[in-house]
Each structure stands twice: as structure tokens, then as C-alpha cells.
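From first to last, the protein sequence lines are chains A and B. Take 741 as the starting number for the first sequence in our numbering and just add one per residue. Take 21 as the starting number for the second sequence in our numbering and just add one per residue.
If you are wondering where the hints come from, they were derived from the structure by calculation, not from laboratory data. Since the structure is predicted, the reported quantities are computational estimates derived from the model, not experimental observations. The beta carbon of each residue, even a glycine, is placed where N, CA and C say it ideally should be. Honestly, I wouldn't trust all of these hints.
As the list claims (entries may be wrong) - Mimicking BS3-like on lysine-lysine, the simulated pairs with C-alpha atoms at most 30 Å apart in a straight line are:
#, chain 1, residue 1, chain 2, residue 2
1, B, K182, A, K939
2, B, K182, A, K859
3, B, K113, A, K867
Stated by the list, open to error - With the Cβ distance kept under 7 Å, some of the chain B side facing chain A (calculated, not the full set):
#, residue
4, L186
5, F189
6, P192
7, F193
8, A195
9, S196
10, L197
11, G198
12, L204
13, D244
14, R245
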Amino acid sequence: MKDDCAQSHSDHGFAIVADDVTVTYRDRPAVQDVDLRIPPGRLAAIIGPNGAGKSTLMKALLGLVPLAAGQVSIFGQPVARQRRRIGYVPQRSSVDWDFPATALDVVMMGTYGQLGWLKRPGPRERKLAMQCLDAVGMTAFADRQIGQLSGGQQQRVFLARALAQQADVYFLDEPFVGVDAVTEKAIVELLRALRDQGKTVVVVHHDLDSAPEYFDWLVLLNVRLIACGDFRQVFTIANLRRTYGGAMTASIRHFEWLELEKHQTSAPIS
Amino acid sequence: MAWLSLLADYTMRNVVLGSALLGAVSGALGCFAVLRRQGLLGDTLAHAALPGIALAYLLTGQRALPVLLAGAALSGWLGTAALIYLSRATRIKEDSALGIVLSVSFAVGVVLLTFINRQPQARAVGLERFLLGQAAALTADQVELMALLSAGVLIVLVLGYKEFALLAFDAPFAASLGWNTTALSLLLTTLIVITVVVGLQAVGVVLMASLLIAPAVAARQWTDRLHLMVWLAAAFGAISGVMGAWLSASDRGIPTGPVVVLVLSAITVVSLVVRRVRAWLARRAAKGEAER
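From just these sequences and the hints, can you work out the full model?
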């Protein structure tokens, strides 16, 4: 299938371009031959089954894992030269929340990239960090040790840290895992606001039910790229079947049923 | 006052100052090692230093401290390389790799020490004091060297505080900022190697690790802020270093290492108990407030 993500001569104007990206773990490909394009000002999801290499692909886009083949560019430049335009929210479970730091301490870390080596954060960084905490509704918890926060609050702190990076492209790895419904809604609102400011947001996501409501660009992945492009064009049963293979999830069946119902109800109206 | 007369003695004052500085540096540095879950790395590096000390003596025939410490640092580094190789290139998990490197290098070190002790001039060499530490035997020159190296470690630690803190909390995020986390991590390990090497003669190979781990663990019980934790750990380390040096000097038979560890253990136990009591009081206060 020829889609919006194949290599072309007009890569200008894309926020993120990946060509033939392959990442191997212990000689086994975790991500293979992935070509993808994400235009600026989009809220994009990377979706696929467990073990599909979603997080690995995100790390490859961020330049955090060595590429066995292929290349990645952010706004037409190698990632290494665009670090200051990138914001990153790793999986919440990837850090030890018992670390001796307050919510404000963690958000301040987002300013370190702009701050440079050896320099200490000062009042300016502190002010920015407080603004970012405010944006996620966590001002009241600024001085709380991070281990005393709920899962949703920790995720908000992580998001505030990424906001403090003042980036153009944001990468979020599974930001909705283990968070309450209110936080999920708040995060989605924030990501939409970022997109509406012209920022590009890429999210590793695994919930098919909420995906159509949240995103406007879609990357379907199962080690290889299945499809990539405008959400409504890519989010089809055929593509989902190809992504999830034999492991048909309840979600997909539920989705098929909805589609069936849609046809039945829409017939008399039209 | 017996301890005052000890301080009046020039050599003793040096020994106490050297031990205090060593304790402070390993306490501060240990915070980062413990937070990165690398507490046992120091233990392994200390044991890995022993064959280096013995080999340095055997190869050069000298027992000058700089020569022996260079040997210790070199074999400590080799131990690190072996660790990295074992945990990356094989399927051996990191904890097992630490155990393997620790026991193998300690075994080699003890065999070499036995061999050295068979030689005619063995009594004069006195390499055994590297096993359990003998701070009282330190000369002014040696303390000076220790102080110099400790100060170097401290300066790097202060300059790179922000970087080491982020590395310890969230290395992938640090990498996403473009930081070379491998180099940072190696730098931190190098600081640990230097500190361990500095402490060997005072505290000994066997118990050096506790000087890195225990102050950090005790300090963590008192505070939720990293910079306070680092300061407290440095203070705890310094106190136990001084106590260890002083007690072992007042009775020449006691090795420094065990005394330091006992003092540190006491501080750690008290800290853990106080944390429990404070948590219990806080819970009771919260309950009382809820009932009111």
C-alpha cells in the first residue's frame, strides 16, 4: 500500500521523517524498515500490539538507541542537532519515584537542556518550572516529595517537565498508563493545546477505544510499519487486522460491531 | 582529656583530618551510587583493587603509597571493564557479575598477599593492613596525598552536581537532552574508584563499601531533598571516619575499618528508627485531625 509515509522527494516541511529505520536487540529486530512521516502541528499516535516495538521506535526517533540501519530527521536535521527542539516524557515506570526530589525539582530538570553544562538553575528556571506546574494544575504540590504523589499526579509532573523544555516536538511514551480519568482528560486537553500552538506531539498509545477521539495522525506498527497517515484514512478494520494479526483483541471486535451498527443505522437516514 | 591530647599530636591530627575528609567525600559520592542502585559497585571495586596493590609491590619492589595506589586504581578500573563486559556481552545479570568480579579479584589478591608474606622481608611490607585498614599507621605524606585526591573528587562532584543528579534520577531523559550518559556514568565510576583507592589504607578493602553506602542510607531517612541528603551523608561519613581513626589510634590493636563500620551502623539504625517514629507520629496527628 502506498501511503503518506513512503520515501518521497518532498520531505521538506515534515516535522519528523524516518527512513528504513531498523533497531535490533540481541540480533532480533525490534523495529524493522520503518519509514514514517509526521507533519508539524499534528497530534500523532503510535499504536500496535505488545512487543510491536512502539517504545523502541520512539527511542529511535529520539536517538536514544543505536540504529542498525536507516536514519531519522527532525525538521530536516539529524536528531543530535535538534535536541533543544525536543521534549520527552519517558514511561512513568522507568524511574524510581522514591528519589529524594520534590515535584518542582523534577520540573526544573526540564530546563537543564537550555541551561547547558555546569550552570545551576536560578530564579528564571524556577519561575518557568512553576508556570509549567501551573499548566498541569500541580502548583499546590510543588514542594511534595514525588513518591507521595498519585500515579496521575506523577504523570502530570513528568508532563510539566517536558513543557519546561519549551520544545517544538514532544514525544510521550504511554502517558495514560495508570492514571485516573481526570488526569487523562487533562493531559489530552494539554496535548491538544500544544498542537493548536503548532507543536508536533507524538504519543505511544495502546488503547484503541480512545484513539479516534484523541489523535489526528496515526502510525500503526507491528515491528514493521503497517500504515501511517491521516488518522481517519489509516484507522480501518483492514489495517487494524494487519497490525494485530491473529491476536484479535476485544477492542477490534467491538469496533467491527460499531461499524456494522453504523451501516445499519445510517442506511435509512441516507 | 585523652582525645584532646591525641589531637595535639601533629601526626594524629593529620590522621583525623584525613579520615574526616575521606568519610565526607565517600558519604557525598555514595549518595549518587546508592540512588543509581550501584551501592555494591564500590564493594566490588574495592576488592578488585587488592590484586593491583599486591602486583604493584611485586613488580616494582616499592611500597610507597603512590605506587601501590596507582596499582589499586588500575586494577579497580580493570574490574570495572570486566563488569561492563560481563553484563553487556554475556547473559550474566549485573548482580551476578558484581559477585563474580568481587570474589575472583579478592581471591587473586589474597593468594598474592600470601606469596608476598613468604618472602624474607615480609614483616616490613605490611600490605595486610589494606585488608581491614589501619588509619593510625598513616604518615603525614600519605594523608596529604589522600587529601589531595579527595579534594579533586569533591570538586568534580560539586561542578557536576546537576548532571549527576539527573543521571541518577532519569538517565534516558538526560540522554534525550543530548548528554553523553555513558561518559557521565564512567566519570562517576572513576570518582568511586579514586575514592575507594584513597580509603583503602584507612578503612581496608573488605569494609570500604560501607563508607559509600551507609551514610547515604542513613541520610535518606532524614530528608526528601537530594542536596540535604548529600550534605548529611558527608557529615555522617566524616563523623564515623574521625571516630574510626581516633579509636584505632588510641589502641593500636584495633583496625580502623570495623570501627568505622560499627559507628556508621549505629548512625544508620538510629536514623531508621527515628524515621519510623516520625512517620508514626505524623500518622497519629493526621488521624487526630480527622477525628476532630
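For each hint, the structure was consulted:
1. B:K182 / A:K939: Since the Cα atoms of B:K182 and A:K939 sit roughly 28 Å apart, the hinted pair holds (cutoff 30 Å).
2. B:K182 / A:K859: holds, 8 Å
3. B:K113 / A:K867: violated, 43 Å
4. L186: Since chain A brings a Cβ to about 6 Å from B:L186, closer than 7 Å, the hint holds.
5. F189: holds, 5 Å
6. P192: Check passed: Cβ of B:P192 comes within 5 Å of chain A, closer than 7 Å.
7. F193: holds, 6 Å
8. A195: holds, 5 Å
9. S196: holds, 4 Å
10. L197: Nearest chain A Cβ about 4 Å off; hint holds.
11. G198: With a closest approach of 4 Å, the B:G198 hint holds.
12. L204: Because about 11 Å separates B:L204 from the closest Cβ in chain A, which is outside the 7 Å limit, the hint is violated.
13. D244: Holds. Min distance 4 Å.
14. R245: holds, 6 Å
In the structure shown, a violation is registered for the earlier hints numbered 3 and 12, in ascending order.
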